[in-house]
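S.K.: In the order they appear, the protein sequences are chains X and L.
Residue 56 in my numbering sits at position 47 of the first sequence, and the numbers go up by one each step.
Residue 133 in my numbering sits at position 38 of the second sequence, and the numbers go up by one each step.
Any given hint could turn out to be false.
[To be verified] Below, a sample of chain X positions facing chain L; criterion: calculated Cβ distance under 8 Å:
#1 Pro49
#2 Ser50
#3 Gln51
#4 Gly52
#5 Pro53
#6 Arg54
#7 Phe55
#8 Phe109
#9 Phe111
#10 Pro113
The set of hints was computed from the structure by calculation and includes no laboratory data.
Because the structure is a prediction, the values reported are computed rather than measured.
Where is the CB? At the ideal position from N, CA and C, for every residue including glycine.
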Amino acid sequence: LAKTTQPISMDSYEGQEVNITCSHNNIATNDYITWYQQFPSQGPRFIIQGYKTKVTNEVASLFIPADRKSSTLSLPRVSLSDTAVYYCLVGLPYNYGQNFVFGPGTRLSVLP
Amino acid sequence: EAGVTQFPSHSVIEKGQTVTLRCDPISGHDNLYWYRRVMGKEIKFLLHFVKESKQDESGMPNNRFLAERTGGTYSTLKVQPAELEDSGVYFCASSQGAGASGMTYNEQFFGPGTRLTVL
Numbered sequence: 010l011a012k013t014t015q016p017i018s019m020d021s022y023e024g025q026e027v028n029i030t031c032s033h034n035n036i037a038t039n040d041y042i043t044w045y046q047q048f049p050s051q052g053p054r055f056i057i058q059g060y061k062t063k064v065t066n067e068v069a070s071l072f073i074p075a076d077r078k079s080s081t082l083s084l085p086r087v088s089l090s091d092t093a094v095y096y097c098l099v100g101l102p103y104n105y106g107q108n109f110v111f112g113p114g115t116r117l118s119v120l121p
Numbered sequence: 096e097a098g099v100t101q102f103p104s105h106s107v108i109e110k111g112q113t114v115t116l117r118c119d120p121i122s123g124h125d126n127l128y129w130y131r132r133v134m135g136k137e138i139k140f141l142l143h144f145v146k147e148s149k150q151d152e153s154g155m156p157n158n159r160f161l162a163e164r165t166g167g168t169y170s171t172l173k174v175q176p177a178e179l180e181d182s183g184v185y186f187c188a189s190s191q192g193a194g195a196s197g198m199t200y201n202e203q204f205f206g207p208g209t210r211l212t213v214l
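Isolated chain L (complex conformation) (with noise of 0.2 Å):
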């Protein structure tokens, strides 16, 4: 089974310029999540979705980040306009319903991370 996938893997843009990221969760994971890491920190939750709804976006930094999912699948984080700060790498995880298959740790799996550099 296909693991959490994000594309692109490194993005160089200028300070100003727009970057889309894109992650594809596990098949039927209802639950995805978006975390990033800025240079010298710890990782930080910027938001959740339940299937194509946000549930809870008090992670998200500012106005420049709007994330989607459409349809319940893919979800994308766009960064417009972008700025210095906002490099570092952008995580994604999904996880299956609550209680899904009798588990009772809903476990979120990591994609690789998109590694985000602003000049």
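Bound-form chain X, shown alone (with noise of 0.2 Å):
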């Protein structure tokens, strides 16, 4: 399994631009990167997922160097209901199993 490194913790003020880097230096060549999103006393929640380049959706980008070995989601002009937890997952795009591994995540704390 692919282990991932992010911080334990960002700051950020509200209407600034967050971006938070993931490690993953032995990724495999078909596993796909997931985010997820965790706000107090709720289950996690899908976010995006890239397996190259740059995604973009409603909610976030997934930035990912050729190299696949790190990415970084961007969040843009946060606000203080973007105060959560955030995971990053590496596997197989559907993540079945002991293959569905959440590491420590980014506590991100948005400030007024």
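With the hints as a guide, bring the two chains together.
M.R.: Okay, here's the thing in structure tokens:
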């Protein structure tokens, strides 16, 4: 299983762009990169997934360099409600079973 | 559309007692998963149902844990007898069948979790 490393915590202010980088040096050829968000007292929620280059949806962008050994989740103009824990997961696209590995995540605090 | 629901939201029991957690997946989702986070640790996979069959139960910690999925609908996770180290938050998630609706990713939808405290 590809191990991931993320910063434990980050602080930001409302309106700023936040970039959270995840390192996954031993990512396998068929692995995808998936990000989940978790608010207190809720279960994790899917944000975005990508394989290479850049992926964008209505919530975030995901940047993946050519070597795929890292990825960056970008949240444009964060608000207080974006305060949450963000998890980077690496594995097969359907992420079944033991391949669905949550690390400690990055605790993002958005300040007014 | 209703999301994944879990019952109860909180449960406090004494060591040696039995507790049953319930999960109702999103209607039509064939896949149902159980996870848990024990105190200070990361979220860990427990098992995966496809309809009523156990696809993967490699994450179940021991034989005190029994999961069932009646008729491929809701699922229960029973802990008997409960131990102190079983305290934590138990999450359930569901997803459609692989490749459903042309999706390339079989997104898992999580419930809010059940917080179990064993005293």
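S.K.: Each hint: holds or not?
M.R.: Here is what the structure says about each hint:
1. Given the 8 Å rule on beta carbons, the hint for X/Pro49 is violated: about 10 Å separates it from the nearest Cβ of chain L.
2. Of the supplied interface hints, the one on X/Ser50 holds, with its beta-carbon coming within about 7 Å of a beta-carbon of chain L, less than 8 Å.
3. At about 5 Å, the closest approach between the beta carbon of X/Gln51 and any beta carbon in chain L falls short of 8 Å, and the interface hint on this residue holds.
4. With a cut of 8 Å, the hint placing X/Gly52 at the interface with chain L holds, because the nearest CB-to-CB distance is about 3 Å.
5. Among the interface hints, the one on X/Pro53 holds; its C-beta lies about 5 Å from the nearest C-beta in chain L, closer than the 8 Å criterion.
6. Interface hint at X/Arg54: satisfied, since its Cβ lies 7 Å from the closest Cβ of chain L, which is below the 8 Å cut-off.
7. The criterion of a C-beta within 8 Å of any C-beta in chain L is met by X/Phe55, whose closest approach is roughly 5 Å, and the hint holds.
8. Here the hint on X/Phe109 is kept, as its CB sits about 5 Å from the closest CB of chain L, short of 8 Å.
9. Of the supplied interface hints, the one on X/Phe111 holds, with its beta-carbon coming within about 4 Å of a beta-carbon of chain L, less than 8 Å.
10. Evaluation of the X/Pro113 hint against chain L yields a held restraint, the C-beta minimum of about 6 Å falling below 8 Å.
Checked against the numbered hints listed earlier, the structure breaks hint 1 alone; every other hint is satisfied.
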